[in-house]
Amino acid sequence: MTAVTQVVEYVRRHAAFITFAVVVMAAPFFVHSTYYLSILAFTATRLMAALGLNLLMGQAGQISLGHAAFVAVGAYGSAIMTTRWALDPWLAMAIAALLAAAIAGVLGVPTLKLKGHYLAMATLGFGEIVFILLIQLKWLTSGSDGIVGIPALSIAGLDLGRPKAYHWIAWGVALVMFRMTLNLVDSRVGRSLKALHRAEIAASSLGVNTSFRKVQTFMVSAVFASIAGSFYVYYIHFISPDSFTITFSVILLTTVVIGGVGSVWGAVWGTLLMMFLPEYLKRFNQDYTNLTFGLLMIVIMIFLPGGLVSIGGAFNRVRRRLRRPDSARLEEG
Amino acid sequence: MPILSVQGVSKRFGGLEALKDVSFALYEGQVKALIGPNGAGKTTLFNLISGMDRPSEGHIFFRDRDLGRLHPHQASGLGIGRTFQHSKVFDDMTVLDNVKVGRYGRGRAGIFSAFLSLPRHRREEREVREASLGALKRVGLQERGSEPAGNLPMGDRHLLEIARSLATEPRVLLLDEPAAGLNNEETEQLMGIVRRIRDEGVTILLVEHDMGFVMDISDEVVVLDYGKKIAEGPPLMIQNDEQVIRAYLGDDL
Amino acid sequence: MSLDQFLQYIFSGITNGSIYALTALGFTLIYNATDIINFAQGEFVMLGGLTAISLYEWGVPLPIACLGAVAIVALIGVIFELLAIRPLLSAGIITQIIVTVGASLALRTAAMIIWGREALPLPPLTGDTPIKVLGATILPQTLWVLGATLAIVVALQIFYKRTLTGKAVRACSVNPTAARLMGVSYSRVVLLSFGLSAAIAATGGVLIAPVSFMGYSSGALIGLKGFAACILGGLGNPAGAVAGGLILGILESLTVGFLPIQGSSGYKDAVAFLILLLVLFVKPQGLFGQRTMEKV
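Chains as they are written, first to last, in my numbering: chain A, 1 to 333; chain B, 1001 to 1253; chain C, 2001 to 2296.
Simulated from the structure, these hints should not be mistaken for laboratory data.
Quick caveat, the model's predicted, so the values are computed rather than measured.
Note that beta-carbon positions come from the ideal geometry of N, C-alpha and C, so glycine has one too.
Please note that a few of the clues may not be correct.
A few chain A residues that don't get close to chain C, going by computed Cβ distances all over 12 Å [said to hold, decoys possible]:
{"id": "1", "residue": "E9"}
{"id": "2", "residue": "S38"}
{"id": "3", "residue": "L98"}
{"id": "4", "residue": "D145"}
{"id": "5", "residue": "G149"}
{"id": "6", "residue": "W168"}
{"id": "7", "residue": "M275"}
{"id": "8", "residue": "Y280"}
{"id": "9", "residue": "K282"}
{"id": "10", "residue": "L291"}
{"id": "11", "residue": "I302"}
What the simulated footprint calls covered on chain A by chain B, stretch by stretch (three residues with Cβ under 8 Å from a Cβ of chain B suffice, anywhere in the stretch; the number is not a length) [claimed, not checked]:
{"id": "12", "segment": "183–192"}
{"id": "13", "segment": "207–219"}
Between the sequences and the hints, there should be enough to build the whole structure, so can you do that?
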């Protein structure tokens, strides 16, 4: 294959991703409102966290109701290390991510032995403990006052705090994470996760070290969340514990579930919906946002459990049934 | 040295004694059947051999390795493969992907290789695909690779599980009721496949209720009743053993 | 610390613990009938308190406001079951968890919209003159809380062991298929469980509101601690749930009293979660666990 045909083949296979990437990166050229640019900036960090949770829930079949805690590790880690110890923001982000991975590793071993609601509650308990610590450990986190004066990212002197520059670096990283997670689906590790999700016993009989894979996935999802937290504080330059309540964990969960747990694209659609729906709802009443999210979760679970990504499939089934009722019934046997 | 050696194995669940002092050996190249009335402890024994549980007493050796302390994935790594009584096929993955999972133990590409689509990952993916198709060919399912596994009829699901286990390149294959729910034609087909697998060098231990199947295909038969071994020997001898007949009163031989 | 102070901490621990016990009982009821953990349980407690507050504000006499609130929240529980739980009874656990989490978020936000962000007060049932007991003081309301908890536990025991409906519910939790074959309507059992569970939660909310004001976000923490109490006592065991709740309340209170840290009351909430994690990791069946827990 010549280089050109290889490139063409690559583009064809990944057309959807490339289109999305191009549109997103080109956004600052046709979105001029700083307000909407900032929404896009938050969307990037939200997507990073959602990708991590989607990986954990969708591929490995686990659940985390305390993922805000890992975002907090990244956010507070970056905040503290840059303001107190004057570390380079990139270095701080990396250290915070390693810390998040370590915590997830230690927590994951006993926690991921649990199933179903035990697992959910354990992650929830962990999230709450972290939240309480953020408020109580005033000497470290400045408690409810929060931390101000967090610097922006920069590369070789180029300030990445300005809206356009930030947009590109944040979305650049988000897109890399997106691509990475997509790559995982059709891979040895990715299949092992799918297998352990569906029939853990069968997976282990095929050689999959299920405890290791679960903990590893948990750690990776924690790293994604941590990086999201770091990017977030490097944008708004301020952080307080209020951002990391259980409600935020629930919002992350909602994002992944509404988008569709079964597919990586679910994280993308879910994030876009959760970030832009409130903009639409603002016309009525801001308070209704969380109410809508909660109701949406219930409705989706009942009527479209596969989430937004499964709309195509559901739509097709309905269409077939409407067009040729008899043969459609035969098909579904 | 036998490839698999069960020595004085007992297994208790609370007050229930599922297995009591069971001993037998499996030699390389053999096809051995484990039979007995329901509840005799056959699947429990399989679980012990494949590392899913530990014996309360006794040992199970794979060649010279004690399986007692191993996790299921480690037993698989040693070369023990198994299928399940209630088919544990990954329903919403394709047939081919199901088998590809079986190649997990033979691959090395880790999460970073996958994330970054490194050459090792891509190379291994090609090998995995080839090996998986090969395994499907051995059971005759190569045409159905891209179908969702959940669509397969019962008989093919069993075959898929076998192909999946074969992909792990086992030295010993434990088949848990592979002929369950199969009609005569399918059972014949299965027998052919099992013989071929044995000829290719895999030692087979199977649990089965279909006596015709057992008698035709096994070199030796072990009979369990209420967790105890009550007979062991060639199929013809077992057929005529009084204790066995009594234990099976009502079953067809 | 003097004996008086110690006793005071114990009493306050029992007061809060009773609410956890009631919440935990609600969890257990639903769990025993359906294997579902209702993450919105805490919200029913909150709704009970807030509904009573509104009824009282509209001029309804206090005792009737309380009973009315319980009835209304029980109805909400039933509606919730019909709309959100029933369609998903055969879905996976994760789906059911997600639905109750979503409901919890929705109910919490709805409460915020209706009642605002402030925590609201409710007058106590029989005044607030503290009663002296062994050198410490106890609020009359606390006695109501304890009394109600006891009454509910006894009533549930009678219900389960002596009435036909109660036995039907127990049958369902032990073996739903057999129960169905015997003519027990599983869906009615589930409906009843949710209604009853919501009523019990609301009772807790109504009784605790005078002691610690009730706001839209009060339910979340209570729910989580209620679950911690369940796990501590052994999931599925009603007596364990009550014991777990009381133990948790007392441990919380003593932590505040004994922790040699400035501002230790902030850590009070962490106690429940630490206990939760500890129990889950070390002895998931809890103190008095009966049902086998699914572990890999």
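Hints, verified against the model:
1. E9: 38 Å, holds
2. S38: At roughly 24 Å from the nearest Cβ of chain C, S38 of chain A sits farther out than 12 Å, so the non-interface label holds.
3. L98: 23 Å, holds
4. D145: Holds: least Cβ distance 14 Å, greater than 12 Å.
5. G149: 25 Å, holds
6. W168: 34 Å, holds
7. M275: With a cut-off of 12 Å, M275 of chain A remains clear of chain C, as the shortest Cβ separation is near 17 Å.
8. Y280: 17 Å, holds
9. K282: 15 Å, holds
10. L291: 4 Å, violated
11. I302: 5 Å, violated
12. 183–192: holds (count 9)
13. 207–219: holds (count 5)
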